[in-house]
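Just so you know, the protein sequences line up as chains Z and V, in that order.
Converting from the first sequence to our numbering requires adding 9 to each position, the first position being numbered 1.
Converting from the second sequence to our numbering requires adding 763 to each position, the first position being numbered 1.
If you are wondering where the hints come from, they were derived from the structure by calculation, not from laboratory data.
No experiment lies behind these values; they were computed from the predicted model shown.
Ideal Cβ positions, reconstructed from N, Cα and C, are used throughout, including at glycine.
Possibly wrong hints are sitting among the right ones.
[Unchecked claim] Here are the computed distance ranges between Cβ atoms for each label pair:
id : chain 1 : residue 1 : chain 2 : residue 2 : range
1  : Z       : Gln49     : V       : Gly841    : 24 to 34 angstroms
2  : Z       : Thr86     : V       : Glu1125   : 18 to 28 angstroms
3  : V       : Asp949    : Z       : Thr86     : 30 to 40 angstroms
4  : Z       : Glu85     : V       : Asn1031   : 25 to 35 angstroms
5  : Z       : Gln49     : V       : Asp949    : 52 to 62 angstroms
6  : Z       : Phe149    : V       : Gly1012   : 18 to 28 angstroms
7  : Z       : Arg38     : V       : Arg1045   : 27 to 37 angstroms
8  : Z       : Phe149    : V       : Asp812    : 52 to 62 angstroms
9  : Z       : Phe14     : V       : Ser1099   : 32 to 42 angstroms
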Amino acid sequence: MNKEFTPRITSFLCKWCSYTGADLAGTSRLQYSTSIIPLQVMCSSRVDPVFLLKAYLSGSDGVLMGGCHPGDCHYETGNYHTRRRFALVKEVFDSLGLESARLKLSWISASEGPKFARVANEYTEEIRKLGENPTRKSIFL
Amino acid sequence: MSSINIEKSAEKGINDLLRHLLGNGKVDAVLAMRMVKSSGAWDLALVTDVKNLAELSPLAPVMTVNASQVLSNLSLSGKKIAAVLKPCELRGFVERVKREQGSLENLITISHTCGGVFPLDLVVEGSVDDLLHKYEKVVATGEIPSNIRDTCKACEHFIPMNADITIAAAGECKPGHGCMIYINSDKAKEALLECTGHHGNDLLDPISLEKLAAARAKEREKLFSSIEKDCSGLDGLVNIFGKCVGCHGCSRVCPICYCTLCDFESANFDYNLPYFEEHLARKGALRLPPDTMLFHMGRLTHMSFSCVGCGMCSDVCPVSIPVAAVFSRTGAKTASIFDYVPGRDVAEEIPVMIFKEEEFPELG
Chain Z
10 MNKEFTPRIT SFLCKWCSYT GADLAGTSRL QYSTSIIPLQ VMCSSRVDPV FLLKAYLSGS
70 DGVLMGGCHP GDCHYETGNY HTRRRFALVK EVFDSLGLES ARLKLSWISA SEGPKFARVA
130 NEYTEEIRKL GENPTRKSIF L
Chain V
764 MSSINIEKSA EKGINDLLRH LLGNGKVDAV LAMRMVKSSG AWDLALVTDV KNLAELSPLA
824 PVMTVNASQV LSNLSLSGKK IAAVLKPCEL RGFVERVKRE QGSLENLITI SHTCGGVFPL
884 DLVVEGSVDD LLHKYEKVVA TGEIPSNIRD TCKACEHFIP MNADITIAAA GECKPGHGCM
944 IYINSDKAKE ALLECTGHHG NDLLDPISLE KLAAARAKER EKLFSSIEKD CSGLDGLVNI
1004 FGKCVGCHGC SRVCPICYCT LCDFESANFD YNLPYFEEHL ARKGALRLPP DTMLFHMGRL
1064 THMSFSCVGC GMCSDVCPVS IPVAAVFSRT GAKTASIFDY VPGRDVAEEI PVMIFKEEEF
1124 PELG
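Only chain Z is shown next, with the shape it has when bound in the complex:
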């Protein structure tokens, strides 16, 4: 039985760019980490900081946010707001001494299938090094 740690990475991907990028990675037959658990959102700015926290506190080993490149948002400015909120959540994590490396933001366009596969693999490796999220087992949260 393989006892190697397999991370679970909750991934919020915007419909117009990153999710389509993930689709492209799939249709291009690119191998990418099975740790990625994709969730489609209409825009990365739809993701309330509480979603990231919920994923983290529920035991996700990593939380990935994927959106359109700055300036390319389908809704023009959504991802700029995402970026500010993400900086905010990271700062809250740092101030509380939590591992902010478990949160990652990445801009992946619809045509960047290979980039999606690369980000997925690299981030999985990073998380594998960090180890299991202690919230997985912690009951009293």
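Keeping the supplied structure of chain Z fixed, place chain V upon it in accordance with the hints.
Quick look at chain V alone, frame taken from chain Z:
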């Protein structure tokens, strides 16, 4: 801009000021702290009749509710109101105005250099005369009373920002100097043209408050480092917030948490059978009420950058969680990444409502 000196104590001087404003029809109502003489209870009072002004203790070091909360609707009533606010209440109100929860248009805001307020459990029972007497003596010399709220001891914004009228009450309020009233806006200047007292052009001198500023900075450092030590990492968080009973009192008294449809009070957080089944299957046990940690961390991400450090949340916490200290500390950090100071300027937008095209290159 200009100043008025009334040869009385600060408390009596501010009463004269309010009498002038209400008695001469400059305002329709006055909002200030009041002590109920018969019971020793405190409340925030809205007074429209001059004869009731004598009951007010506008400079009392007590905060039963952050006045910015009650001022929201009042400020939209169209009536002119003179509101005596502590600096953090004024900053809280400015934050609320930015969130379209009030207006400064019909207000004359009166604030004062603040020596801090007592925790509520200290003042709700019996006589506080002795307490107040000692407080006044300590505060007048620019020192920090030992029995005020932790966040008050650590507050560096004790000089009001953007008040129409500033009263000198802490630090530079020395016996014999009388009550110094500093006028900072045209609106206030017009209303106080005929107010009795010596009119001059003095300005509040922050240098006279340097001693207090230095003492506060030291306390701030002390409070923040003790929180950093206690509330670090998941174990630290569980230690601090593990006591939470989930009453949400901290968010109800918060001047910034104005959302009447708060997500944490919504059906999103109604827990049903599948929720319990899923959690129990994964972890084998579940803390009830669930998601208290999510609630506190969620609030930190939603409003910490606007936290004015008034300390109401710690004061109402039934299990003595140092909510205000955690929020002030994290708030100072989250505000600083956007160069933001809550309540500094009503024209300054809330950081999450705006963005720059080029920023945070390390992300993404």
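Does the beta carbon distance between Z/Glu85 and V/Asn1031 stay inside 25 to 35 angstroms, or does it fall outside?
At roughly 28 angstroms between Cβ atoms, V/Asn1031 and Z/Glu85 fall inside 25 to 35 angstroms, so the hint holds.
When you take the CB atoms of Z/Phe149 and V/Gly1012, is the distance between them in 18 to 28 angstroms?
For V/Gly1012 against Z/Phe149, whose Cβ atoms are near 21 angstroms apart, the range 18 to 28 angstroms holds.
Given the hint of 24 to 34 angstroms, check if Z/Gln49 and V/Gly841 actually sit that far apart at their C-beta atoms.
The hinted range 24 to 34 angstroms is violated for Z/Gln49 and V/Gly841, with Cβ atoms some 48 angstroms apart.
When you take the CB atoms of Z/Thr86 and V/Glu1125, is the distance between them in 18 to 28 angstroms?
holds, 20 angstroms
Has the hinted range 52 to 62 angstroms been met by the Cβ atoms of Z/Phe149 and V/Asp812?
holds, 54 angstroms
Cβ-Cβ distance between Z/Phe14 and V/Ser1099: within 32 to 42 angstroms?
holds, 36 angstroms
In this structure, is the beta-carbon distance linking Z/Arg38 and V/Arg1045 contained in 27 to 37 angstroms?
holds, 33 angstroms
Hint check for Z/Thr86 and V/Asp949 - Cβ pair distance inside 30 to 40 angstroms:
Once the Cβ atoms are compared, 37 angstroms apart, the range 30 to 40 angstroms for Z/Thr86 and V/Asp949 holds.
Z/Gln49 and V/Asp949, beta-carbon distance inside 52 to 62 angstroms?
Given a distance of about 55 angstroms, which is inside 52 to 62 angstroms, the answer is holds.
In this structure, only the earlier hint numbered 1 is contradicted, and the remaining ones agree with it.
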